[in-house]
Structures are given as C-alpha cells and as structure tokens.
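Peer 1: As a plain string of letters, each chain reads:
2 protein chains.
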Amino acid sequence: MTKIITISREFGSGGRELGKRLADELGFEYYDREIIDKVAEESQMDAGYVENVLNGNFSVSFPVTFGRTFFYTDVLQQNATNLIVAEQKIIKALAEKGNDMVIVGRSADILLKDYKPLNIFVYSDMESKIKRCRWRAPKNEQLSDRELAKKITQVDVGRSKQRKLLTDSDWGKKESYHLCINTTGQNIKNLVLPLAEFAKHYF
Amino acid sequence: MTKIITISREFGSGGRELGKRLADELGFEYYDREIIDKVAEESQMDAGYVENVLNGNFSVSFPVTFGRTFFYTDVLQQNATNLIVAEQKIIKALAEKGNDMVIVGRSADILLKDYKPLNIFVYSDMESKIKRCRWRAPKNEQLSDRELAKKITQVDVGRSKQRKLLTDSDWGKKESYHLCINTTGQNIKNLVLPLAEFAKHYF
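Heads up: the protein sequence lines correspond to chains P and V, in order. Taking my numbering, the leading residue of the first sequence gets 4, the next gets one more, and so forth. Taking my numbering, the leading residue of the second sequence gets 4, the next gets one more, and so forth.
Worth flagging that the hints you see were computed from the coordinates, not collected in a lab. Bear in mind the structure is a predicted one, so any value in this text is a computation, not a measurement. Don't be surprised by glycine CBs; every beta carbon is placed ideally from N, CA and C. Please note that the accuracy of each hint is not assured.
Okay, the calculated beta carbon distance ranges per label pair [stated by the list, open to error]:
id, chain 1, residue 1, chain 2, residue 2, range
1, P, L168, V, L146, 20 to 30 Å
2, V, K142, P, R149, 55 to 65 Å
3, P, L168, V, R149, 42 to 52 Å
SDA-like cross-link-like pairs, simulated, lysine to any residue; straight-line CA separation at most 25 Å [said to hold, decoys possible]:
id, chain 1, residue 1, chain 2, residue 2
4, V, K153, V, G59
5, V, K142, V, G51
6, V, K167, P, M48
7, P, K203, V, E28
8, P, K116, V, A83
Which residues of chain V face chain P? A few of them, derived with a C-beta cut under 10 Å, are [unchecked claim]:
id, residue
9, Q47
10, A50
11, E54
12, N122
13, F124
14, Q189
15, P197
16, A199
17, E200
18, K203
19, Y205
So here's chain P without its partners, still in its complex pose:
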C-alpha cells in the first residue's frame, strides 16, 4: 500500500518546512506548491491567482471576461469550482502513481482517505508564528505584530473554509487528525527525525 503522509498546518507554524524535511528524511516524494503550478498550467491561469482561489480567498481582484448573464462573483465562484475540481483530480492522480509521498495542505487528508494516510496537523502559538513569518518575510515588509497576526489568522480562515467544501470534520481540530505536533519555540529540524521515526513505525 502506498504510504501517504498529509500535513495540514497553521500558517507560520513551520508545517511546510517540516513536511519537506520529513519527505527528504523518509525518501518520499513531496508535493505542495507543485500542485498549484499544475492546476495553473492545466487551467491556463496565473499561478498566483490559482493559489489565492484554492486557498479560499475568493475576493481577489482579477480581470475576468464574462457574459451579460453572469454576475462578477458568479464567474469567480465558477472559476473556483473548476480549479478545485482540477486540483482534486491532480492530487488523486499523484496518489494513483503509487509512490510514497508527503503532501502539504490542499485537504489531501480528506481527498486521499481511501489510502489510509497518516494525517498530521502542525501548529504553534501566535508568538512563534509571527517570529517565523518575520524571519521569512521580505526585508521591506512593514507589518506590525498585530497586522501580521491578522494576516496569519486570515490565511487559516481560508484554509478552514476550503476544507468545509469537502468534509464536516473541522480544520485544525485535533479530532480531525491522527497526530498533532506543536512547534512553539521549536527548531523544526529537531522535530524531523522524531516524526520520521514515528512514521516509519506507524505504517
């Protein structure tokens, strides 16, 4: 059976880094951004736009040509639906290839449930998330801690909304995952080996 680890994570918790390092440690394939790029390629849309839509930010401004019978929001909604369907197909096709993999985000835990993945949620306190975001931010970013906290929360609200399209099990609630790991004050590198060893003996 294909071994699949899904990583859901709070924005700024280091979940993506943990997922990438975990895949490297286990010798698994790794998918995250690659899925967005593939959806963008197949839909012939801009990757940034696709990412916004797939992350639950429907209210992005984007030039869309539409007929007289459509409202602007309807077109966006239709776009979103098409992109979500495309994304789901791509994720399922990746799993069907049969390679062991780590997949970050994209509600993969729900989409690939037939593969009995190990579903992990990565979280941390707001202070750690702000610190991690600052460390990764462009030098000219001028957001206050409060603004940054708001942005972090907004991203997670988007993720939560996207999950709601697929399942009743709540995003971020421990009951929705097999394992939840707290990265507060942790160096992500130090969690890779413990988690990899957990995974090796879990499957």
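Assemble the complex: chain P is given as a structure, and chain V must be docked to it using the hints.
Peer 2: Chain V only, in chain P's frame:
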C-alpha cells in the same frame, strides 16, 4: 537531564495503557495509580476517596469528623487542598530521584515543567471511548451508551477542573501539549513503537 514523558488523556482513550506500554518499551519508570496510593498512605485516608478528590470530584460522600466551626463543604475543600499539596510533593520527589519516567495524569506536565518533559495528550472519538470502556467494564455494568458517554464526559470535566487549579493552559486543548495522538479505531499496541521512537529521538 532526566527524561520525563507526561501523558494526559481523555477517559477511555487508552492513554493509560499507552503510557504503561510506552514506559515498558523505553525502559522508563511508570507512575499513575502509585501516586494515589502514596498520597492515601501518607494522609492515612482511603485510596478510593483520595482518588475521587484528586480527580476533581469534590462532592463525594464520605464520613468526615469536623468541629462546630466548619461547614461540611469547607472540610471537604480543605481535605482536597491538603491532598493536592501532598500529591504535588510526591510527584516532584519522584522527578528529583532522577530516573527517566512516564507519568500519567495528575497535571504532571505543569508540575514538572522545569524538567522540560515531553507532554503528550491522548484522545479519541466518543464511539471508541465507549467501546474501550465496555471492554474494560465489569460484566454486570448496565449503563446505556448515553449514560456511559455522560460518565466519560464527567471524568474529563473533573480532570479539566483539577488542571485549572494550577494553570491557565486548558486541559485537552492541543496548544497545551507538545504532541497529541488520536487513538480512534486504533489498537493501542500499534501506537507504542511509533511513539517510543518519537520519544527516543525527541530528547
């Protein structure tokens, strides 16, 4: 540094079994019931009563001799305070011995925080908890699923109350722990090795 793993758990989630097996796998000392017995011994009170009080069930009926100046509830409250203090001393003394250990419940994650323990929370869905409780229950127990669910919830409310005496960090919220593990539909035995390997590489 002494390696300490604390296990907090929902009633019926299999957390105690997981903690015991984890200690055996790692060759760590294991403490749970032993602490109650020691508190009972030192306070010269009945172990069942001590357990009830330490689990947050203050409203137990118990013959207490008290002077005219005390109300019954005050005596119980004073008893509870004394027992909690005694318990805390015992837990801290265990840690001071310097042996690696797994300790289940008793807010040990808070009491022993200076030892930088690995704090684990074990949980599962109500269906699994009911199933596990039935499996362990005496043959003549006649509780309905609804009654059993109520009992399970009550025990956890007691645990939550006890924790509130020591800390603002909430019982059962993933933010209060380093790692949360879901035992829904799992055979506890299958989680021991993954968790032991996690712990080995965590410290």
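Peer 1: Could you run down the list of hints and mark each one as holding or not?
Peer 2: Status of each hint after checking the structure:
| no. | hint | result |
| --- | --- | --- |
| 1 | P:L168 x V:L146: 20 to 30 Å | violated, 39 Å |
| 2 | V:K142 x P:R149: 55 to 65 Å | holds, 59 Å |
| 3 | P:L168 x V:R149: 42 to 52 Å | violated, 33 Å |
| 4 | V:K153 x V:G59 | holds, 16 Å |
| 5 | V:K142 x V:G51 | holds, 21 Å |
| 6 | V:K167 x P:M48 | violated, 52 Å |
| 7 | P:K203 x V:E28 | holds, 17 Å |
| 8 | P:K116 x V:A83 | violated, 47 Å |
| 9 | Q47 | violated, 41 Å |
| 10 | A50 | violated, 32 Å |
| 11 | E54 | violated, 27 Å |
| 12 | N122 | holds, 9 Å |
| 13 | F124 | holds, 8 Å |
| 14 | Q189 | holds, 8 Å |
| 15 | P197 | holds, 4 Å |
| 16 | A199 | holds, 8 Å |
| 17 | E200 | holds, 4 Å |
| 18 | K203 | holds, 7 Å |
| 19 | Y205 | holds, 4 Å |
Hints 1, 3, 6, 8, 9, 10 and 11 from the list above are not met by this structure, while the remaining hints are.
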